[in-house]
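Enquirer: Using the sequences and the hints given, assemble the complete structure.
Just so you know, the protein sequences line up as chains A and B, in that order.
For the first sequence, position 109 matches number 109 in the numbering used here, and the numbering has no gaps at all.
For the second sequence, position 271 matches number 271 in the numbering used here, and the numbering has no gaps at all.
Any given hint might turn out to be false.
So the derived label-pair ranges between C-beta atoms look like this [what the hints assert, rightly or not]:
| no. | chain 1 | residue 1 | chain 2 | residue 2 | range |
| --- | --- | --- | --- | --- | --- |
| 1 | A | 212 | B | 148 | 35 to 41 Å |
| 2 | B | 273 | A | 21 | 37 to 43 Å |
| 3 | B | 241 | A | 47 | 57 to 63 Å |
FYI, nobody ran anything at the bench for these hints, they're computed from the structure.
Glycine included, every Cβ here is placed at the ideal spot set by N, Cα and C.
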Amino acid sequence: MSETTHEGAVAVNSPPSSDQGLSPAALAEKYGLTVSGARPSLPDYVRQLWERRHFILAFSRAKLHAQYSQAKLGQVWQVLTPLLNAAVFFFIFGILMGGRGGMENDEYIPFLVTGVFVWTFTQQSVMTGVRAISGNLGLVRALHFPRASLPISFSLQQLQQLLYSMTVLAAILIGFQHYPTRLWPLIIPVLALQLVFNVGLALMMARLGAQTPDLSQLMPFLLRTWMYASGVIFPLEYMLEKHDDIPAWVTDVLLANPISVYLELMRYALIDGPHHQHLDGHVWLLAVGWAVVAGIGGFVFFWKAEERYGRG
Amino acid sequence: MAVAEKSSDAKSAAAAARSDADRWVPTVIAEELHIVYRVNGGPRGKGSATAALSRMVRRGGEKGVRKVHAVRGVTFTAYRGEAIGLIGSNGSGKSTLLKAVAGLIPAERGKVYTDGQPSLLGVNAALMNDLTGERNVILGGLAMGMSREQIRERYQGIVDFSGINEKGDFITLPMRTYSSGMAARLRFSIAAAKDHDVLMIDEALATGDKKFQKRSEARIRELRKEAGTVFLVSHNNKSIRDTCDRVLWLEHGELRLDGPTDEVLKEYEKFTGK
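Expert: Here is the structure:
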């Protein structure tokens with residue numbers, strides 16, 4: 001008799017008598033077995049995520065690259081898409097509707113393009129975030145990794161997309177004679193804060209979207225409302241001044257909302273026009289505040305359901 | 001790397017298993033395990049909007065969700081050094097059970113205890129058809145938790161094993177241009193490149209032409225030697241007989257039989273009318 005068959009025959013007979021009476025849980029404890037798929041502690045979770053940083057980055061770049069790989073123009077679309085977007089908005093809101101609040105074209109166009117690009121960054125992070133788990137169930141059910149990798153990866157993909165758009169924006173700015181000033185480097189901290197905010201929001205939406213996939217149907221409407229209430233395509237102050245029946249607190253809330261805040265900072269840093277000379281110090285505070293609240297809140301909220309992702 | 005430590009650990013433990021004292025070290029314990037899938041929009045017959053609406057109104061909290069009870073109260077203990085086959089007709093819950101043991105699908109009730117992190121041999125979901133084979137090797141490796149260095153070391157091995165480049169420089173083309181056989185070979189090669197503690201193999205992976213099947217069977221045997229415990233899902237009774245010393249037979253999500261390969265297979269063959 002060969003050794004393996006002999007072992008096999010013994011293996012299914014019976015375990016040692018000392019283990020016989022033990023319940024599964026007691027047996028597991030005796031041999032140091034842990035519950036499969038249990039949620040790690042928050043510090044462990046952060047460490048696991050850090051170990052997966054290469055995957056997160058590679059995944060986001062792969063997604064970005066795959067997006068236009070079938071198009072003839074290929075990666076040129078990375079730049080072309082935001083450019084066309086800006087052109088459409090300019091045609092409708094700049095020429096047809098004229099909602100520019102006294103800005104000349106050479107200030108309004110950079111204003112508009114900055115607004116659209118910065119808004120798209122958050123909008124797309126939210127949209128991809130909602131589907132980050134529910135749209136990738138195959139991946140979640142096949143491999144082990146901290147699930148937060150997915151929404152974070154998608155937000156990073158949007159950041160890379162935005163960096164392409166920023167080159168378009170720089171060209172437009174220079175074309176309208178807004179030459180680089182000492183304020184331009186400010187966009188780096190602004191983008192960093194907005195990224196943290198977006199990641200937090202994407203994590204939050206990912207958990208909600210995993211439980212209720214219907215959210216991805218609902219989100220476009222909520223997001224559009226948010227966009228019009230944030231002064232993306234027309235100056236918010238100008239719109240609010242026209243309606244003096246709006247209570248002051250509504251104005252304050254709209255101006256303090258994260259998109260208005262990040263937009264104001266970005267425009268202050270980039271646009272050198274009469275409407276963008278002044279910035280209140282509290283805007284920076286709001287920008288940091290939103291990033292911290294959404295970032296930490298979203299992360300903890302997502303982590304709390306870690307072990308439940310993957311159920312259809 | 002933790003992975004390397006674990007696998008050498010498992011190897012020495014497998015050797016030690018021959019001495020009587022250490023033989024009964026459990027690696028996977030499943031206790032009264034229930035898995036339930038919830039399917040939206042899959043209720044009987046009518047998928048129209050009015051039907052969905054009336055379901056929401058009628059059933060309140062359920063909101064038109066249909067439940068599929070895929071695994072019903074399965075209990076077993078797997079020990080180190082065992083190779084366990086999973087058999088049963090299509091849809092009996094074999095793959096679901098494997099995914100639950102791996103901790104990839106949360107249990108409705110019951111628990112699975114494991115030693116280390118069991119992993120499913122499969123990486124398909126992480127790969128992207130629009131990327132080149134080259135980038136997919138890297139992406140797949142990272143998705144399985146390999147480090148960049150490990151991937152760099154094994155890259156050539158993976159490509160050679162897949163045989164993708166035998167007919168020209170295909171590894172630098174997008175995966176969507178591959179034939180289905182080529183793509184399957186590359187997927188298997190990536191998945192099999194990593195060492196595992198508790199390894200679970202779904203037979204559907206062994207694809208490709210005869211030559212490649214031989215090569216992948218040899219690789220699976222190699223992986224078996226390195227891993228502490230192996231689970232194998234298969235409809236091929238011969239491959240179960242060749243590799244496994246214990247068999248779990250699932251039917252309708254319930255564990256029908258659990259025992260030595262020969263005994264269980266005899267019953268199973270009687271059941272399927274062979």
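Enquirer: Hints first: check each against the structure and report whether it holds.
Expert: Hint check:
| no. | hint | result |
| --- | --- | --- |
| 1 | A:212 / B:148: 35 to 41 Å | 37 Å, holds |
| 2 | B:273 / A:21: 37 to 43 Å | 40 Å, holds |
| 3 | B:241 / A:47: 57 to 63 Å | 44 Å, violated |
The structure shown violates just one earlier hint, number 3.
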